Structure formats: structure tokens, C-alpha cells
Amino acid sequence: MKEFRFRIIIVLGAIGLALYLLYPTYVDFQNTKDINKILEERKQHLLAANPDLTTSQLEKMLKVVEDSLLSDNPEITKNREKRVKLGLDLQGGMRVVLEVNTSQLLAKIANNPDDTFEEILKEAEEEAVLSDESIVIIVGRKLTERGIRYSRYFGTIRQDDDQILAGLNEDTDDAVTRALEIIRNRVDQYGVSEPSIQRQGSRRIIVELPGVAREEEAKQLLQGTALLEFRLLKEPEYTISVMQKIDESLAKAIGVLDTVTTQIEIGDTLIAEGDTSFVADATLSTEDLSEEEFKKQHPFFTIALLDPQGGSADAYVKGDDKNKLLLMLSRPEVQKVIPNNVEFVFSAKPIGQQDGQDVYIMYLVNNKPELTGGVITDAQANIDPNTTAWIVSMTMNSEGATNWARITGANVGKRIAIMLDGAVFSAPVVRNKITGGRSQIEGMANMEEAKLLEIILKAGALPTPVDILEERIVGPSLGEDSIIKGFRSVVLGYILVVLFMIFYYKRAGTVSAAALVFSVLFILGVLAGFKATLTLPGIAGIILTIGMAVDANVLIFERIREEMATGKTIKASIDSGFARAYSAIFDSNITTFFTGIILYQFGTGPIKGFAITLMIGIGASLFSALVISRLVFDIMTAKGVKVSIG
Amino acid sequence: MRILENLNYDFLGKRKIAYSISITLFLIGLISVIVKGLEFGIDFKGGTEIVLQFDDPVDVGEIRTYVENLGLGSAEVKTFGGETGIMVRTEEQVIPPGIYPKVIENIESAIEKFSPGIERNIIDSTASSVTYEFANSEITNAVIDKLFEAGFQTGHVSKELDNKQMIVRVSISDWIKENLSVKVENNPFIVLKEDIVGPKIGEELKQDAVLAIFFALIVILLYLGFRFKFVFAMGAVAALFHDVLITLGLFAALYGLIPGLNLDIDLTVVAAFLTLIGYSINDTVVNYDRIRENLKIHKTRPLYEIINTSISQTMSRTLITSGTTLITVLVLLIFGGEVLKVFAFTLFFGVIIGTFSSIFVASALVYEYAEKYKKKLEF
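Those protein sequence lines, which keep their order, are chains L and S. Under my numbering, think of the first position of the first sequence as 1, with each following residue one higher. Under my numbering, think of the first position of the second sequence as 1, with each following residue one higher.
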């Protein structure tokens, strides 16, 4: 056996690695089943307790239950990140391709556009549909054709045409970046799990939102202009007193119910009314009593943590608790104690992590903005030459500047939140009255943060018009159906092929049957390991691999038979059979592999998934046939087992 | 057990028969393409496609009549999967101006039904959405929820703008859904799939598909030229053209003839064609490999014999691999579900034609070339 030790280790290692990579997928499958069961039970409870809940209220509550299940057990999320990713066609969801509308953008930034300009723009738009040239280039060409200098509409009189053209290209590029950030911000606030927002080419954005049920809301995320606001942050004393009132009223609500009903029932009623402390109660039975007691008496401060030394009223909230908190805040008795000219809002990005979870800040701000982003004319991220720290300078138009001077003058020492679409990006303190419309925002940790704020500030000034070019929605039931059918086909295809192989090649056939199982195992393992996506055509690729993977085995077996027919010993036949089949296997698989690469290059979404499994499948089946099958044969002959090839 | 042991068949002698079969199939395909044309799906044409799954079986004819009355121009209505699935497809991507007022009317009557006489204003309307404003946020929330449950795509405009506005998306798919839910009231449905593809994307996808197939052929040509001889590469690529063109012709010929099978050419079909190219080249290369080997061993034997021997030697492997691949493709065709049906169908014929071409066309072309130019092939 010694001579095989090295190969046995390699084979066992590969199988072990594949199993290791696939284990999270298995665990996640079980977890998802459990979670769905709990959610279904909870749903029935809720509906029984409150028959007139609307679908969206129910959805929100169930989302909170799910959030807290996930936050109670971080392992769930960990496994979920490592499982085999399913494409939108298998898990349901929405894929949208957006394109920044350059001609609308040009119309917006043009100085004094007249009829000629409108005409040129219209012509350019029509031409752009059929041409690969960008609208900027076409408009430029048309201006040149008519002998109009670019500076008539764009840039300044001192710039020459090339400079202006470069400037315009930069503007469109910025516009795409802005659109991307705006969409990312909204998707983050909306709370889609595992969203993918990518830039494609120069003007396109591809958004993939798995498992989105309300497509309209999702679509809202993608369109419409962004709302940039400057809102006054409430003083710490004021905020804390509001928070205490909320805490008290929540504690009272829970206390009253606690005395009359059992825990589960409280939970459901409370959730139905908008509270969620039940989930924590029911699932966290391991917590000790004093903590339990604190939770009961201070349901609000349990999830919105204040820094006692901080001197501010910024509350720290874990990402998974955001929905819970929002639901708490929407309860009628809580609404009663919150003054109606203020509201709680969250920071757009997590400010750090705790226990592996993102932590956000919750602020109390005025309902009404002091100023909106339309007044901003420019924003620039820079390095402060004195302190070498990153700063963002912001310029306003004269109307904005006048208001800004008044607002900052009246609020020196207070904080103003810069909010985009309802999420806070920065909450700087006003140092002094700012006149002249030029402000500086300090306190950015690094370049990324400064650049992001620059983009956000510009978003209010320069709305980016986007068009939807392509939209694909797959309902969850079709996805599930596809998985079941795909899985069934894999199993059935495998059984039939294996039956044939054993019938035709006898014992050698069983070897190939085992090799085939490992091929499929390797494909899935590699998919999980590389975080590649499994799509429906991808499953087709696996099934096809089963059919084609036997090819390598067939080539080898046939060759061994031929060698045996010439009178060689079994061992010699196996050796030369493998050796001779090698070139055919190699050349034929390489060419197929090439078509896989091309398919990957030119395909979109699901087709890419097919190409990936096809390529991995070729690698996996070659390994199974050339290494695993070979090893088994060698061991069998060494042990004197009679190898029968039909 | 073994089949075709010690086979030695004169494959090249039958090549003329094979050529005539190929040419006949090709001509049938060509005539079908000319007469019936190739039907492209919305992936390439642009348009809207929506697939609905009803609770109980529905009559396609009935649904077709409803959809035709919606004013969407030439909408296609087909079954999807079984008796309960319906697919509606149109080349329109947004609501045509002609029926826009009707769409608004529909929304209005839904609002009236839930909250009669409620105060409201339309503050914005675009080709794809209408925005309403109500007196306060409670009313707005209630209307949004109720209309959403009634099948309208409603949503908040922006949670920050005092929350008084409701946006209702108006799209072809929504228009179809809204109307069908009223017309087929006692048989509710869910949406399985919804695709909207703009004409620009369609054009690009078409370009990409053609490029993909073109590049695949080029790469194969180069690789085989490098590993074998250029004439072999030419023979292989000619055989691939043969496979792709005949299968494409088959699509045109069979279009609409097989109930329950939708033979529109879309992205999945293109993927199937590329897979077919991959499969067929696999088969051809195995034959070539044997010819190469035999040419090395028997330097003096005539090419004619060598090719015949080589094909005979690999014959059992060729049939077994085609067989196992066909088994899995058939499983996919029968059990793989609606989305993969066309894929499996394409491959089913592709594998048969690909096997045929690697036996009778690819090697035969190499022989024809060697004969014509009196070339001696050596490795």
C-alpha cells in the first residue's frame, strides 16, 4: 500500500476539502428550514391574534422576528455567507440594469441652452441608440459640425474644446458614481440581504436584489431623485429625556400584559402591536435574570445603547436591531411621547463593529430640514494643508449662502445632520457663523469617507437621471420549483448513467460510478469555495457533466479492453490504457473548456453560471477519472482483486 | 458485455450518402428559415414577458381573448409548464399612450372601491408611474397597502417628504395582472417570472451571442490547428458549422409544431448551442486523436484505411458517450422543468447531429482535402 500512500492522501484531501467547503451549505439548509418553520408558526399566531393585520405589517413583524433569530445566533449568518450561492433564478429576486441618461444630464449642466442645443441633443439621442459612441462625443461632433465652440454651452470661455470634452466625460463619470452611491444608500436602508450593486462599463449599473418581495418598493430604490437635507440635531438633554419617556412607556406596556398572559401570548400580542421584546425573551432563555429584568424594565435602552461618558445622545444600535427599534417606535403609545416635530434616524453606514455585528448610530433630528441640497453648487474632498487631515469643502449659491449664514449663526455649537434619503452621512458641529456660502466639513477618517461625503453632497445638487434598460424578476416559487426539478434531474440522470455503466463495464463501472459522485461533490465544493453562483443553467451544466464525465472513463475502459485483447496482462493493460487514452481526453476536454471560457465572457447572469459549472465540471471529472479511478484500479490490481471490464 | 467488437466498417465509403443526408437536412432548415423565419425571444427583440401560475387549470384561448382586448398590440399568449401556467409576451416595454388613460381609470376605480370619495391629486405621471398625493400619511399608508393587496404595484415616494404620496407603477406586466385578476376572479394566480428587456440591451445581447459563437469557433480552429494539422481544424470547424446550422434550421422547421415546447431563440438557446459546439468538438477530437495515433504507427497505410480503422476503433466509445449524454439530456427534457426544456431539446438533437458529424463529416472532410491536393498527412 505504501506506493499509493501519496495518491491516497491527495484524493482523501480533495474529498475532505470538498466536504468541508460544503458543510456550511448543509448547515444553512437545515437552519433555513428551522427558521421558516418558526416564522410560519409565528405568522399563524399573529394572524390568529390579529386577523386584520395587513400583509405589509405582517411582513415587517416577521422580518423583525427573523432579524432577532439571526442576531441571537451569529453562526447562522456565518454559515450563510459560506454556503453555495444561488442565482436569482433559483432563489427568486430581481435584477435590474440601469443606465445614466447622459442627454438629460447634459441638458441639466448646459449654460443657457437654446433651441439649437435642444435640436443637437435630440439628434444625438437618436444617433446614440444605434451607435457605440457616447452622447458626449456625438454632441461634441455636432457642435463642431455647426461651427459652434463647446464653450457656448459648457465650461468657461477660457477652456478649449478638448478641455471641455474631458470635463464633460468626467461629469458623466461622476454622475454614474453618484447614482451608484445613491442606490447603494437606499438599498442599505431598505435592508435587502446580500444585494449586489455593480458598475458595468462606463454608464451602467447592475443591481441584483435576491428575494425581494415588494418589487415596487425595490424599484423605488432605483429611481427618482435623491433628497439631500440639512437637519438640526436635537440637544443631548432633550434627546435623552425623549428616550427615557419612550423607555418608560414601553416598559409599562410590557408590564401590563405580563401580569395577565403567558409569555408566548405576550410575545405575539406585542409583536402584533409593534413590539418585539418577545423574541428576545423566548429565544434567549440562557440569559441570567438580572439582564432579563433590565430588559423588561428598559426595553428601549436594551437595544439603543448610550455612551454614559460621551456627553452626546448618540445611541448605538446593532444592525439586526434596527427593524426592531423602528417597530417599537411606531407603536401608538410611543408615538404619543415623541414630540411631533422630531424623529429618530440612523447613520447611513455602520460606524464600527461589535460582536461581529455592524453598529449604527441613531440620532434625534428635526422633522423639517433647515436647507435642502439644491442650493449646493459644488463639493470637493481635499487635504487640509495645515493639519493634513481630510476635509470636504462645500459651496452654495447665493440664496443658499444667505440661509446658511442665518442657520449656522443661530446654531453655533449645535450639530447639523447631513442626510441623504433619510440616512445620516455626517453630523458635524457648527463652529461659527458661515457667511459667503463656503463651508468646510472636518472629521473625516480617511479619503474614502471624504470622497463619499463629496459624492453625497453633489447628489443633492446634480440629480442623476437613470433609465431602466432591463428588468428581470423571478418569483420565489418558480425558483424553488427549479431547484427541486433540477435536483431530481441530477439524481435521476446519475442513477440511469451509473446503471448503464455497471451493466456494461461490470466492476470497472462501479469505479466510474464512485468517480462520478466525487465529480459532482467537487463541482459543488469548488462553487462554495470560490463563492461562485449556482444558477438553473448551472444545474443543467452539472447534469451534462454527469453525462459527459463518463466519457473520460469510457475512453479509458475501451482502451484497456483493446490492450487486453492484444494479450497483455491486466496490470499492463491498465497502464497503457490510461496512457493511451490520455491525449484524447486532454485535447477533447481542453477544447470544451475553451468554449466554457467564451461562454463565461459573453454570457450574462444565469449563462455565466452555466459556463462556470461546465468548466469546473471538466476539471472535476478529469480529476475523478485520471486520479481517483486510476488509484482504485491500481489498488485493486495490487491486491490481486480481479478487475473486470465487462 | 461489449458492442461492436473488432468492427471494421467502411465509413468513408458511405460518406456520399452521409453528405446527401446532411444537405437534405440543411436544405429543409434553410427553406424553413426562409419561409417561416426564426422566432427570437424578448432577450433579443426587446419587450415584456410575464409568466403567471394559476391555482386551477385555465383556458389559454380565454386568456388570449382577454389579453387581446387590452390594447397591447400583438401580444402572444401561451401555456407554460402545464395547464395552470400562462405566458404573455409583447414587444412593448411601456404602456402605449393609447391605453394610458384606461390604466389611470383602473387605479382610480380601485381607490374609489376601497376609500370612496377620498381627496386625492395626481401630482406626477410618467410613462412608467403615477404619483398621487393624499391628505395625510395615515390615509396614504392605508391606500398603499390596500391597493398593493389588490395587485397594484404601489409604494411610498420618499419616506421623508411628509409621507403623503403614493406612487403606482404602471407597466405592461402590471396592466396585464390587474386585468386578469379581475377577469379570472375565481382563479387567483401568482407571478412566476417577469422580464422587461429594452431594445438596446436586446441588440447587445444579440451581438454578444454572435460574437460568442464566432470566437468559440476561432479558438477551436487555432487550438486544433496547433495540436493537429490545420486541415483537421478546418474539418472540425466545418463539422461544427454543419451542426449549428442544421440545429438552427430544425428550430425554424419545428417552430409551433410541438405543443408545449416554445422554440423561441433566447439566451438559453444560445448557451445550448455553445454546449453543443463543445460536445461535438469533443467527439471529433477523439476521432482525430485516433487518426493521429494510427498515422504515427502505420506510416505506409493509405489514409482511407486509417480513417476507417480509427473511426471503427472509437465507435463503441462514441456510441456509449452519446448514449449516456442523451440519457441525461432526456432526463432534463422530461423532468428539468419549463425553463430548461428548450435547452435540453436543443442538446438532444445537437448530440445526435454532433455524433453523426464527427463520424461522417469531420474526418471525411480531412480525407477529401488530402485527396484533392494529393497531400500526405504525417505526424
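It is possible that some hints are incorrect.
[Stated by the list, open to error] From the derived model, a few chain S residues whose C-beta atoms are all more than 10 Å from chain L:
#	residue
1	112
2	301
3	332
[As the list claims (entries may be wrong)] Pairs of lysine-lysine residues, derived as DSSO-like cross-links and limited to a Cα-Cα distance of at most 27 Å, are as follows:
#	chain 1	residue 1	chain 2	residue 2
4	L	336	S	206
5	S	146	L	60
6	S	206	S	102
7	S	206	L	63
[To be verified] Examples of chain L residues toward chain S, derived with CB under 7 Å:
#	residue
8	32
9	491
10	547
Quick caveat, the hints were computed from the structure, so don't treat them as lab data. In this text, all values refer to a predicted model and were calculated from it rather than measured experimentally. Where is the CB? At the ideal position from N, CA and C, for every residue including glycine.
Outcome of the hint check:
1. 112: holds, 19 Å
2. 301: At about 18 Å from chain L, residue 301(S) clears the 10 Å cut-off, so the statement holds.
3. 332: violated, 5 Å
4. 336(L) <-> 206(S): Violated - the C-alpha atoms of residue 206(S) and residue 336(L) are around 59 Å apart, more than 27 Å.
5. 146(S) <-> 60(L): Roughly 16 Å separates the two Cα atoms, so the pair holds.
6. 206(S) <-> 102(S): violated, 35 Å
7. 206(S) <-> 63(L): Answer violated: residue 206(S) to residue 63(L) is near 41 Å, above 27 Å.
8. 32: violated, 21 Å
9. 491: violated, 9 Å
10. 547: holds, 4 Å
Checked against the numbered hints given earlier, this structure breaks hints 3, 4, 6, 7, 8, 9; the rest are met.
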